[in-house]
Structure formats: structure tokens, C-alpha cells
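Bring the two chains, given one by one in their own frames, into a single complex with the hints.
Chains as they are written, first to last, in the numbering used here: chain A, 7 to 569; chain B, 18 to 211.
Source of the hints: derived by calculation from the structure; they are not laboratory data. The beta carbon of each residue, even a glycine, is placed where N, CA and C say it ideally should be. A hint or two may mislead.
What the hints assert, rightly or not - Derived CB-CB ranges, DEER-like:
1) L299(A) with A162(B): 50 to 60 Å
2) A92(B) with G95(A): 31 to 41 Å
3) R161(B) with A445(A): 34 to 44 Å
4) A42(B) with N8(A): 49 to 59 Å
Unchecked claim - To list a few chain B residues with every Cβ distance to chain A over 12 Å, as calculated:
5) I60
6) N75
7) A92
8) L125
9) R158
10) T166
11) D175
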Amino acid sequence: MNGREWLQVVLYLAVLTSLTPLLGAYLARALSGERHPLARLLGPVERACYSCGGVSPDQEMRWPQYAASLLWFNAIGLVVLFLLQMLQGWLPLNPQDLPAPSWHLALNTAISFATNTNWQAYSGEATMSYFTQMLGLTVQNFVSAATGVAVLLALTRGFARKSAPTIGNFWVDLVRTTLYVLLPLSLVLAVVLAAQGVVQSLDPYAHATTLEHAEQVIPLGPAASQIAIKQLGTNGGGFFGTNSAHPFENPTPLTNFLEMLAILLIPSSLCLAYGRLVGARRHGWAIWSAMMLLLLAGLGVALWAEHQPNTAIAGLPNLEGKETRFGIANSVLWATATTGASNGSVNAMHDSFSPLGGAVALFNILQGEVVFGGVGAGLYGMLMFVVLAVFLAGLMVGRTPEYLGKKIEAREVKLSISAVLAPCVVVLAGSAVAVLIPAGTEGLNNAGPHGLSEVLYAFASMANNNGSAFSGLNAATRFYDLLGGLCMLVGRFAVIVPVLALAGGMARKKTVPASSGTFPTDGPLFVFLLIGVVTLVGALTFLPALALGPIVEHLLMLQARVF
Amino acid sequence: MKTILPALRLFAVLTLLTGAVYPLAVTGVARLCFPKPACGSLIERRGVVVGSGLIAQNFTNAAYFWPRPSSGGFATVPSAASNKGPTSKDLRQAVEDRAARWRQAERLPADAPVPAELLLASGSGLDPDISPEAARFQMERVARARGFTPEQRQRLSDLIEQSIEPPQLGILGEPRVNVLKLNLSVDSLGSSRE
Numbered sequence: 007m008n009g010r011e012w013l014q015v016v017l018y019l020a021v022l023t024s025l026t027p028l029l030g031a032y033l034a035r036a037l038s039g040e041r042h043p044l045a046r047l048l049g050p051v052e053r054a055c056y057s058c059g060g061v062s063p064d065q066e067m068r069w070p071q072y073a074a075s076l077l078w079f080n081a082i083g084l085v086v087l088f089l090l091q092m093l094q095g096w097l098p099l100n101p102q103d104l105p106a107p108s109w110h111l112a113l114n115t116a117i118s119f120a121t122n123t124n125w126q127a128y129s130g131e132a133t134m135s136y137f138t139q140m141l142g143l144t145v146q147n148f149v150s151a152a153t154g155v156a157v158l159l160a161l162t163r164g165f166a167r168k169s170a171p172t173i174g175n176f177w178v179d180l181v182r183t184t185l186y187v188l189l190p191l192s193l194v195l196a197v198v199l200a201a202q203g204v205v206q207s208l209d210p211y212a213h214a215t216t217l218e219h220a221e222q223v224i225p226l227g228p229a230a231s232q233i234a235i236k237q238l239g240t241n242g243g244g245f246f247g248t249n250s251a252h253p254f255e256n257p258t259p260l261t262n263f264l265e266m267l268a269i270l271l272i273p274s275s276l277c278l279a280y281g282r283l284v285g286a287r288r289h290g291w292a293i294w295s296a297m298m299l300l301l302l303a304g305l306g307v308a309l310w311a312e313h314q315p316n317t318a319i320a321g322l323p324n325l326e327g328k329e330t331r332f333g334i335a336n337s338v339l340w341a342t343a344t345t346g347a348s349n350g351s352v353n354a355m356h357d358s359f360s361p362l363g364g365a366v367a368l369f370n371i372l373q374g375e376v377v378f379g380g381v382g383a384g385l386y387g388m389l390m391f392v393v394l395a396v397f398l399a400g401l402m403v404g405r406t407p408e409y410l411g412k413k414i415e416a417r418e419v420k421l422s423i424s425a426v427l428a429p430c431v432v433v434l435a436g437s438a439v440a441v442l443i444p445a446g447t448e449g450l451n452n453a454g455p456h457g458l459s460e461v462l463y464a465f466a467s468m469a470n471n472n473g474s475a476f477s478g479l480n481a482a483t484r485f486y487d488l489l490g491g492l493c494m495l496v497g498r499f500a501v502i503v504p505v506l507a508l509a510g511g512m513a514r515k516k517t518v519p520a521s522s523g524t525f526p527t528d529g530p531l532f533v534f535l536l537i538g539v540v541t542l543v544g545a546l547t548f549l550p551a552l553a554l555g556p557i558v559e560h561l562l563m564l565q566a567r568v569f
Numbered sequence: 018m019k020t021i022l023p024a025l026r027l028f029a030v031l032t033l034l035t036g037a038v039y040p041l042a043v044t045g046v047a048r049l050c051f052p053k054p055a056c057g058s059l060i061e062r063r064g065v066v067v068g069s070g071l072i073a074q075n076f077t078n079a080a081y082f083w084p085r086p087s088s089g090g091f092a093t094v095p096s097a098a099s100n101k102g103p104t105s106k107d108l109r110q111a112v113e114d115r116a117a118r119w120r121q122a123e124r125l126p127a128d129a130p131v132p133a134e135l136l137l138a139s140g141s142g143l144d145p146d147i148s149p150e151a152a153r154f155q156m157e158r159v160a161r162a163r164g165f166t167p168e169q170r171q172r173l174s175d176l177i178e179q180s181i182e183p184p185q186l187g188i189l190g191e192p193r194v195n196v197l198k199l200n201l202s203v204d205s206l207g208s209s210r211e
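Chain B on its own, in the form it takes in the complex (with noise of 0.2 Å):
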């Protein structure tokens, strides 16, 4: 008994001091400095909430770019992965049929070449990014399937470059292209056809 009381009181002190007060500090403080980020970086258009400029979301339609595959089929509660090996048949059946259908929408030959993250599934299911090669990849179909004049279609792909981030502070992480954010300045440019 000498030495439950006072891991019991302990435990209850630090409970409080690291369960409650700590985090409630810091919802305090990002509320107050950085209140869009520590909210889910929430994108809005004409006063509707239209997706997290974090969080992917599933484009389907031709006239729109598309993220990379997700093994959760997009769900965000909860988000997954595939988690395959680098030996699993399933993984080398998944990574067949995309291929396919990616040269399907994109009206390329069967053996042309596909950029391997839009073949590949990213680790978090919900990865809003692709790289600026994926994003060239898909301009001609988002330029057809919204029957872009050639002057449209120039500056469709002037934006593509725009919308690159580089690695941030110059060195850290790769070039990439927010999927989200790069469609919503496509519609800005031309109506699409839906």
C-alpha cells in the first residue's frame, strides 16, 4: 500500500498535467495561429466545402485528373493500404489491370508506358498528390474530354507546371502535383462537359 497510493496519485497528477492540460494548450494555440491547417486544411468553393487540400479524393470523370490508386477505395474512416508484398501475384494482377486501364482512358497502345505511381497504391490510401510527369500523362485526355480549343489546351498545360511544388526549402521531399487543387483551377479555366 506504501506504494500504490502514491503511483495512484502520480498516475492521476500525470494524467492530468500530459492527458489534458498539454493538449488542450496546443488546440488552444493552433486555433488561434494556424486555425485552417489544425482544421483539415478544408478547401472551400463558392461557400461549399469541397474536400481537404490534404485528402484525396476519387476523380472518376474524364474531364478531371486522377489521384494515384487506393487500396481503401478512398475511404477515409478508416483510410488503407494494400499492403501486398513485392513477390504477391494479387499485387502483379492490380498493377496489370490499372495498366490496362489507364492506356484505355488515355487512347495509348498496350505497351506504352504508364508512370508507375498511378500503377502502385499509395501508403496512406488517401495520398493527394502525383508527380508532375503523372499529371503530364494525363492532360490530353482532361484537354479532349472537355473539348478544349488548342489556346485552352496550351494554357491547360501552363497550369500543369504551375501547380508543381517543389521540394520543400528546396531540398526535402519530391516535385509534386496537388490532384485536388489542380483540378479545381481546371474547372476555373473552361466548363467541363458534365
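Excised from the complex, chain A in its bound form (with noise of 0.2 Å):
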């Protein structure tokens, strides 16, 4: 590794911390209806909203009522998807008369775009005219990363109310998220990305002659709106098929450095919002700390790997699959954020990564998509495993666990474990029934330690709502559209119902002063304790599995073996 790739390394992390605090802080104020200059700019569209869609912000929920509306919201978004994909023949804005895809790809690509995971079983340019891609890809992009946000909202509240019987309303925070924060950030990352070269177009594709007289197809599309909101909501569901590698969805190294920059933003910011929220701010500190350190060991570890030559392929260096204008720093970078938070759209392809940096990608997802992780999501599911540090650190001294001054008991551990689990669960049922069946191996691209990797990848990442992919694996069946689908919807759901519970359960409870006997959840023990939880719970349940893919794989790459 050059010093300019260590410096862009740093650069790169000097300025997602230094942006953290002061986006922090605006998120705190501006999600919890505090007075904000956008909000005075903005107010009147966010009080039309409420009158057009006939609610009334003021009116608090029970969280049964809020997960009601939620799911409800996210259905109908998800059947709004699938039907214009499927009348997308019909529609308009379709210059280069794309028509329906079969209806299980439809299907497993409103799923994978309504739980914010973003699974692509096709590729956009030559499968979703413009108008699916805008009223219904880009709608997804935002309502997901929103419906994420407001289930920490609810779970913020959660620990901060004393004796309430309710968690806010799901409308007022779907709507300031969107309103507030998703889309001025966009705004302004999709007319920087159009400057650099992304395209922003509705006319039909380009023809060009080249210079040896053939025939060129240049596809256009609405990409750098969607691109901007791909990124900035954790959604990663490319314009193209190769996405964030194509070079109209990411043009030069600043876009690149934007884009990477736009993945981790909001969920680091998010860490600080929420200690503001709950009144202990140096607790925020203290998780962001922990995510921060989880995505230093895995980038540590990637980067070294990914810098060695490959034994097995003539002792060349690792650029298959990587842009040259990127070079290997800045795709293990994008490879590690993208993994961590639960983006998942790629700068390279994580298929022809050395198998020790693709490793590094699985087992960030693996681990449940808390290193940062998706927007909202990436934080809810690290509170569940601070309920389970603070648990455990109870277990310990033999002290009723309290978190932020509530108890912890036995419905709390019980619908936090249930919330780890689910996707945990997903992953490996998923995996085994693909690897048994001949509709799972079929799809394989590559033979040896590494099919198996694909395998174990695709569920991971579908399971945990992330999005990227080993891609050489042909996802674009029946088996692995619906199954995909199933778990995606578990993944999503079977965590933020619970997610819920909790949050409704907590805003119950009455608080108790700290005494000598309460573990402290703002300094490096705590921050060691959850490290280790998380580690802990990915490691012992997937160890087997990764033993079996890429870590033999590493072994026998030593050895020149190639399948």
C-alpha cells in the first residue's frame, strides 16, 4: 500500500468523524420537531403532508398501533412495485420499451427494494424502464431509510420516556426523515454527482459510431438522483447493473470519495443523535466508538488482504473485478463501509476479491449489520446487543441489569435475543437448502470453497438486508427469488416488530436512580463488552460456515490450487 492510498484511507475517516457531531446534532433536533432553519423553510410542506394524507401529527401511538401503520405503510409500497413493474410495458417514460420482468424477479425486487436491502437479481439498464426506476426504485430508496429512522425514533423514546404509554407516530417520523434529512442530502450529492458525470437524463439511450466503425449503445436514465439516495439511505440498489463500479453511476475518485463518504454519514451521525435524544451523550459516543472500532479491524484485515499477490493467479495483484481509476485502497474501503452498513452497493465485484477480503465483507453482514449499519436499522440492532452487554455485565455481578436507568428483564432479553436471531437463523436454513438442492447449486459461477462462499454470501446479505453480492452466483431464478424474497422479508420484519415490543415495554417502566451497583454504558469497558457481544454471537455461529469458504479457500490459494 502506497502513502497515498494510506492517506486516502485517513482522509477518508478524518472526514466521516469530523462530519459525525454536527450532522449528529441536527438529526437530533430535527427529528424530535425541535426549531431547525429547514424546518421553517420546509414547515408547510410537512403540514401538507399530514393534511393530504389525513392524520394528525399530534396523535401519540401504542406500539402495537405503530407497528401496525408501519407494516401497512411498507405493504403497500411493496404492492405498488410490484404492479408497476409488471405494467411497466404499459407505462410511460419507457424509451427503449423494456418490457415486464417474470413476475418472481418483480416480486423479489419489490421485497428486496421495500426492506431496504436492495438485492439485485437484474440489471437496471436493460430491465426497469425510467419510470420504474424513478416512481418506484427512488420512492423505495427514500420510504425504507425512513421507515429505519423511525423505528429508532420509537425505540429512542423508548428509553427516554418515563411511565408513557406510547412511542410517537410513525407518520410525523416517516415524514420528517424524508422531508428533513433524506432529501436535501440528496439533492445536493445528485447535482455534485451529474456535475462529475453521472447521468440525469429521460431521453433514450445514446447511439455512438466508435472509432473502428461499430455500433455503441450509451445508456442514459435518471441515475444520479437515485444514486445520491442509493447511498445516503444505506439502499445500494444500483441504476446499473454493475453498480457503483459503472462508470456512469461513479465516474471519477470524488464521486467515489461521495458516494463512501455518503454510506457511513447518517448511520455514525444517527450514534450521536440518539445520546442527545436519551440524555447521555457520552453513551452515544460510546457505541459510535464500538462500530468505529468493529469497521477498523475488518478494514485492517481486508486491506492487508487485498494487497497481497495472488499465488494462485500467476502472482498477480488483485484488480480483477476493480476500476483502475479506483485502485485496490479505495474498493476495499467502499468494500468494508458498504458491508458494515448495510448498503451493499459495490465499487468492485466482491466475487473476485482475495478470500480473505471477501471474508471481511461476509462477516461484517454476518455479524448483523451493526458497523454502523443501515440508516436507523444499523442502530436499533445494536441496541438490541447493548441490551444483551448490559444483560450480561448484570450476569455477571448478580444485579437486576438497568439500561439508561430501566430495568432490564426477562421480555427485554427475550425479544432482543429474538431480534439477534432471526436473521442468524435465516442465514444458515437459507444456505443449507441451497447447497442440498440442485435449483441452489445450480446457480453457482464458481467451483471449490468459493461456490460455497456465494452461497453463504447471497443469504447473508439478503437475511441481514444488505444488498451486495458474490454476483457471479445466478440469483435470477425461481428457487433463489422467492426463498431470497422469504428472507429478506424476515430479516427486515422479524427484527423490527420486536424492535417495537421492546420499545413499547420500556416506555412503561419507570426509572431508577443509578446506584454503585449500575455498569456504567459510557466508558471502554462497556465499549468492550459490546465489541465482544457482537463478535461473539457472529463468530460462534458462523465459524463452521466460514471455515469451510473462504478461510480454506485462503489456505489452498497458498498452495497455487485453483477449482
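Structure, rendered in C-alpha cells:
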């Protein structure tokens, strides 16, 4: 790794870290309804949304009503997106006359975008009309991200409120997140991206006659607007098939830096916003530190692994699937960020990464997407681990554990365990089914241990709502579309519902004053206990599978074995 | 029903806002302020669109510089990567075949090194760039194919050095050479033999 590569990594981490408290403070104000400059500007739009929607923003919801609103809203979005795809042949803004995809691909895509996974078994430029991309996919990019933040806000209120029956209003959380956070940031990023060469046009595909007199079709589309929210909302679904490796999706090193920054910006800032909202700023920083340390550990391993020459492929550097303008360090940095957060966009093909470089991406996902994680989703996922960490600390000293002044009891532990384990179960069960039946194995693009990694990565990615892939796997089959769709639904909503139930229960509790037996949740001891719990759950659940996939592949690669 | 109706109505409002107003606003601003980059960075020569500055094209003529291999055969709708893993027999074979072809084209001995990115396919399948090293590697062939005099050869060498785009803002990304733009300037140097 040369000096400039180090400098870029340090610059990225420095810019991310310095923007975090600024945006964190803004998020805390904007999302709790305090006054801020944007609210003055967009306040009328916010109120118009409520009156058009026929909802009263002051009406508080108990957790079952909050959950029902969320589930209905997401169900409607899913159905509409499915129908838009099936009907795109008859709808406008389809200059390439693209027909409807197969029903199972459309269903898979609808689930994928509604659950903030953005797993893609298609290439956008050859499958989706501009109409579907804008009014279907872009919309879900926004509202699925806003749904994640809403759940986090509900959980935050659960911890912050005392003896309260309600946890907020879903519609308000949804609208405020979209209007005051996602839309303004996306607008700015989209314009910068377009200036750098990301296409943003409703014209039909352009045609060129190359210097050697061949015909070349140049795909266009409203890409910049979708790519901005795809990065900011930890969605990750590419406008083009090769995602942010595509020069029209990520044309320059500057767009690469900004898109990479956009992956972690909101998840990182939400940690500090949370700290402010529950009145424990140092605790917000403690959670942030745990996430950052996990990110750095993975980044270190992946940077080292990816810079080793590949003994199995003529001792060449790992440039297969990577773009010249980004080089190795930027590809690794992106891969670590996009899998730590549940973004899932890629600027290089993870399938062609070195075995250990790919293993870091895979393990980041398997840890449950809590290394910053998805917007909102990463932090509410991490807070489930926090509850477990506090519970374990309580067991060690033999006292009833408390968190932020509230007792953690059997109900909380059960709910957080089920939220943590639901995706794990789906990953292992899904992968097991896929490697046992022909419908699963005939999609493989690589033989040997790498084939297992492809399947494991696919189910890890879908169940944890990441969306990136070892994309050699041909997942555009009825088997993967349907089983994958089920995994994405479970991985999303079997986490959200327990989290909301926990929020409702916590809100009702009284607070108890801290005593000498209270485990402090803002110091280094807490940070390391939290990292320990996250790593332990991930390692205990998945080490056997990882040993059969990337780890054995690494050892065989050192002996120059190929399959 | 008390929940479904607001969900439906709010979904419609947010669809309008994020799916129509927002992308159309971005399209309008981009059209107005950055029409060229927002519409595909198309390059014209003598009134004919010859390609996009961001999208690789498949050069095979010896008189032109060649881009990195593309696993999708330079198709644009859709483009593709190989997605071959680090222990793939197919990848090892592809690398050996490409190395042999490069050595033959450049008239090099069988053990001569070839720049790695000319042997390994890009992620997009449309990587418009090669490293400066990979451009210099191809200079002799291009000069020979065009029957260049020693002076023209020197100008070609200078042209390669001038075509190197340094890291953006001094630190971001890798130094690179855009193959299409380089070939356009090579054409203006002297007549190609085709």
C-alpha cells in the first residue's frame, strides 16, 4: 500500500468523524421536532403532507398501532412496486420499450427495495424503465430508509420516556426523516454527482459510432437522483447492473469519495443523535466507538489481504473486478463500509476479492449489520446487542441489570435475543437448503470452497438486508427469487416488530436512580463488552461455515490450487 | 381501515415528492448547469458521436491503444464482470490466454511481464482507463502500426505523458489514461493505416 492510498483512507475516516457530531446534532433537533432553519422553509410542506395524508401529527401511538402503521405502509409500497414493474410495458417513460420482468423477479425486487435490502437479480439498464426506476425504486429508496429511522426514533422514545404508554407517531417520523434529512442531502449529492458525469436524463439511450466503426449503445436515465439516495439511505441498489463500478454511476475518484462518505454519514451521525435524545451523550459516543473499532478491525484485515499478490493467478495483484480509477485501497474501503453499513452498493466485484478480503465483507454482514449498519436499522440492531451486553454485565455481578435508568427484565432479553437471532437462523437455513438441492447449486459461478462462499454470502446479504452479492451466483431463478424474498422479509420485519415491542415495554417503565451497582454504559469497559458480544454471537454462529468457505479457500490459494 | 387509508394517502404523497418532484428537479438543474456530463459525456468528432468519455470501447486495431479486457465483451446493455473468484481455474486460464495475446501483439518474448490490469477484467466491464504503465507498454505497437517516423514516435510518447490524468484534487484515486481520448489525439497525430 503506497502513501497516497494510506492518505485516502485516513482522509475518509477523518472527514466522516468530523461530520458526525455536526449532523448528529442536526438530526437530534430535526427528528424530535425542534425548531431549525429547514423546518421554517419546509414546514408548510410537512403540514401539507399530514393534511393530504389525513393524519393528525399530534396523535401518539402505542407500539401495536405504530407497528401496524409501519407494516401497512410497507405492504402498500411493496404491492405498488410489484405492479409498477409488471405494468411498465404500458406505462410512460419507457423509451427502450422494456417489457415486464418475470413475476418472481418483480416480487423479489419489490420485497428487496421495500425492506431496504436492494438485492438485485437484474441489471437496471436492461430491465427497468425510467418510470419504474423513478416512481418505484427511487421512492422505496427513500421510504424504506425513513422507515428504519422511524423504528429507531420509536425505540429512542422507549428508553427516554418515563411511565408513558406511547412511543410516537409513525407518520410524523416518516415524513420528518424524508423531508428534513433524506431529501435535502440527496438533492445536494445528486447535483454534484451529475456535474461529475453521473447521467441524469430522460432521453432514450444514445448511439455512437466508435473509432473502429462499430455501433455502441450508451445507456442513460435518471441515475444521479437515485444514486444519491441509494448511498445516503443505505439502500445500495444500482441504477446500472454493475452498480458503482459502472462509470456512469461512479465516474471519478471524487464521486467515489462522496458516495463512500454517504454510505456511513447518516448511520454514524445517528449514534450521536441517539445519545442526545436519551440524554446520555457520552453513551452515544461509546456506541459509535464500538462500531468504529469493529469497522477498523475489518478494514485492516481486508486492506492487508487485498494487497497480497494472488499466488493462484500468476502472482498478480488483485485487480480482477476492480476499476483503474479507484485502485485497490478505495475498493477495499468501499467494500468494508458498504458491508458494515447495510448499504450493499459495490465499486468492485466482491466475488473476485481475495478470500480473506471477501471474508471481511461477509463477516461484516453476518454480524447483523451493526457496524454502523443501515440508517436507523444499524443502531436499533446494535441497541439489541447493548441490551444483551448490559444483561450479561448484570449476570456477572449478580444484580438486576439497568440501562439508562430502566430495569432490563426477562421480556426485554427475550425480545432482543429474538431480534438478534432471526436473521442468523434464516442465513444458515437458507444456505443449507440451497447447497443441498440442484436448484440452489446450479446457479454457482465458481467451484470449490468459493462456491459455498457465494451461497453463504447471498443468504447473509438478503437476511441482513445488505444487498451486495458475490454476484457470480445466478440468482435470477425462481428458487432464489422466492426463497431470497422470504429471507429478506424475515430479516427485516422479524427484527422490527420485536424492537417496537421492546420500545413499547420500556416506555411504560419507571426509571430507577443509578447506584454504585449500575454498570456504566459510557466507558471503555462497556465499549469492549459490547464489541465482545457482537463478535461472539457472529463468530459462534458462523465460524464453521466461514471455515469451509473463505478460510479454507485462503489456505488453498496459498498452495496455488484452483478449481 | 383507520390505518390503511392514511398509509395509502401518505404513500401517494411521498411517491409524488420523492419519485417525481425530486428526480425531475435534479434533471432540470443538471440539464441547465451541466448538460454534457449529465447526458453521458458524449464525445463528437466532425459532428459524429464517437462514444462517451466514460465508457470503454473495444479497440482491436493495432494502430490504437487497447483498453482492459471486458468480461461482457464491451456490451453496454447490460455490461458485466467475470465474478470469478481468486481460486478460479477459468480465471487462471483467461489470464494465460490474454498474456499470450498481449506478448504476441507487442512482439515480446514468452516470459515478458504484462501490466496486471491488462490481464484482469474490470468490475464494470466498461473501464475507460488504463494505467500510465499500460499505455507506455502499448506505444511501440501503435507507432509501428502507424509507420511513425522517429519524430512522430517521440510525439506519441509525449502525448501519452500528457494524457495522464493525475489523482483528482491531488490525492484521490489512481493516475490513469483515458483510452478513447488518447486514441482520438493519436488520430490527430498522423494518419492511421486502416
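### Query
Which earlier hints turn out false for this structure, listed by number in ascending order?
2, 3, 4, 5, 6, 7
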